[in-house]
Amino acid sequence: MKYLYLSALMIASTGCANESYYINEGKKEPLTFIQTKERSNSNLDMYKTKNGIKVGVSDSLLVKFYDTKNLELYIKKYNILHVKKVLPNLYEFKVMDKSLTLDVANELSVQKDVKYAHPNFVKKVRKR
Amino acid sequence: MKKLSLIALSLFVLGCGGGGSSEDGKDTIVLKSKIADPSYEYQWYLHRNDTFYSANNINYNAHIHPKDYFRKYRGKGIKIAIIDNSLDISHYDLAGAIKGTYSVLTKSSSLVNPYNIDVLDEQDRSHGTNVTGVVGARANDDEIYSIASESSLYFLQYSENMSELETIELFKKAKEFGADIINCSWGTYDVSESVKEYIQDLATNGRDGKGVLVVFPTGNGDEQNIGIDVSDINDESMIKEVISVGASDTRNQKASYSNYGQNLDVLAPGGDFDSELEKDILTLGLDNSSMYNSGTSFSAPIVSATLALMLEVNPNLTRVQAEDILKSTADKIGNFSYENGRNNFYGYGKINLSKALKKSLDLR
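Keeping their order, the protein sequence lines are chains V and Z. Using the working numbering, the letters of the first sequence correspond one by one to residues 1 to 128. Using the working numbering, the letters of the second sequence correspond one by one to residues 1001 to 1364.
Errors might be hidden in some of the hints.
[What the hints assert, rightly or not] Which stretches of chain Z does chain V cover? Using the computed rule of at least three CB atoms under 8 Å from a CB of chain V, they are:
| # | region |
| --- | --- |
| 1 | 1152 to 1166 |
| 2 | 1176 to 1187 |
| 3 | 1190 to 1198 |
| 4 | 1216 to 1229 |
| 5 | 1295 to 1306 |
[What the hints assert, rightly or not] One side of the interface only, derived from the structure: several residues of chain Z facing chain V at Cβ under 10 Å:
| # | residue |
| --- | --- |
| 6 | His1127 |
| 7 | Val1131 |
| 8 | Asp1232 |
| 9 | Asn1234 |
| 10 | Lys1359 |
| 11 | Leu1361 |
I should point out that these hints are in silico values taken from the structure, not numbers from a laboratory. A quick note: this is a predicted structure, and the numbers were derived from the prediction, not measured. The beta-carbon is built from N, C-alpha and C at its ideal position, and this holds for glycine as well.
Please construct the entire structure, taking both the sequences and the accompanying hints into account.
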């Protein structure tokens, strides 16, 4: 069942590559997939936010829990790897393929015991 | 910003005499020695040198009104973390200033040399050194003067392309170093919930519950360097608990490039950008040099250093109190009306160092 679920997620994410989103403070933030040679790093998929900011998505995501009692359940359900505890109740996980990162983060975002979940975005730091 | 130029100060000849300003503070304690830094008289953003101001047509009040507080307080005992791209750690005007370092590039205390970092623009190599100079160049007979010349500095090197985890890692390091103030002369225009939450936590619970003072500039406008409204942009400078800083110029008005918005708190001098070099911010460059640069990147460290003096005179100030003092003592400059003390272009106005310190002292 787990693999069927993941396959469905992968098909869904492939089919909607140009209409992706992530959830920020409870709101869907659209992301547009972009082809770029800017960073020759195959570990990142590049997207543009609605404000035109380029963000990279790897296989890493950050999840903040209100309560961690279901943590193992989520690890099994989404076949994710627990990498480390970053801060109290904030965890880094890895998915099996970076094409799943947004979908897994979005699914986790709506769980009652999850405060937020988002990819471990890579962003350009702009000097001012 | 893009305009900057390395200068050899030995060639910097102006007919300014003496270096003394006409500040009129009345001394109640023993003053430190006279400011000997050779470029002090050209640092219009800190104080007024009448000859220099007149020669360069600078508004009489474009500085931050230090009176004699520079000779009384220099940020001693205050820890300032600077998160930036690189540092000329051996610059002689920073001798003894840097008490700790960390780099996300090396995952260690070893910083990558400015000449070895990835930059889109060659001029960007010196950005971290420029910012650090404004915060805490030492008071000596070299180069420039800075407001917090006796503060303890901690330099944290970021990566040009940085993950959320690496950003959190840098703020965690700043906390480990015991930073009272964290200066971030950068931004992403897209802060994530995890980074935002950690900054808010530091600003609320850090410094033994008094709150760390986290300072971000608003940024330098669009592609034409015209300031934009960042109210609805998810930027670090728009976090409520962050002290959000825009730039003023030598006209003593909002600099045209300075971004603005609902959470803009205060302005501080940032240079004119499209004018003569002398109207930009003179600070430290690479290889023991001085140079000019401009932008809100340099307004933020002026505020960070001012906060260091406020904490020096009153270490019990909470982040909320310090921010309130900064806002309530700011000068209402510009041609916009202020409703309930602020507007979206100037925030609460331009910082006034002497008023902020006096109020900090009064609250002791």
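Hint-by-hint comparison with the structure:
1. 1152 to 1166: It holds: at least three residues are needed, and the region 1152 to 1166 of chain Z offers 8 whose Cβ sits within less than 8 Å of chain V.
2. 1176 to 1187: Held - the region 1176 to 1187 of chain Z has 3 residues with a Cβ nearer than 8 Å to chain V, which meets the minimum of three.
3. 1190 to 1198: Three-residue rule met by the region 1190 to 1198 of chain Z, so holds; n is 6.
4. 1216 to 1229: Answer holds; 4 residues pass the 8 Å Cβ test.
5. 1295 to 1306: holds (count 4)
6. His1127: Holds, because the Cβ-Cβ distance from histidine 1127/Z to chain V comes to roughly 5 Å (cut-off 10 Å).
7. Val1131: Since chain V brings a Cβ to about 9 Å from valine 1131/Z, closer than 10 Å, the hint holds.
8. Asp1232: holds, 9 Å
9. Asn1234: Holds: closest Cβ of chain V sits about 7 Å from asparagine 1234/Z, inside 10 Å.
10. Lys1359: Nearest chain V Cβ about 28 Å off; hint violated.
11. Leu1361: Leucine 1361/Z check fails; min Cβ-Cβ to chain V is 32 Å, beyond 10 Å.
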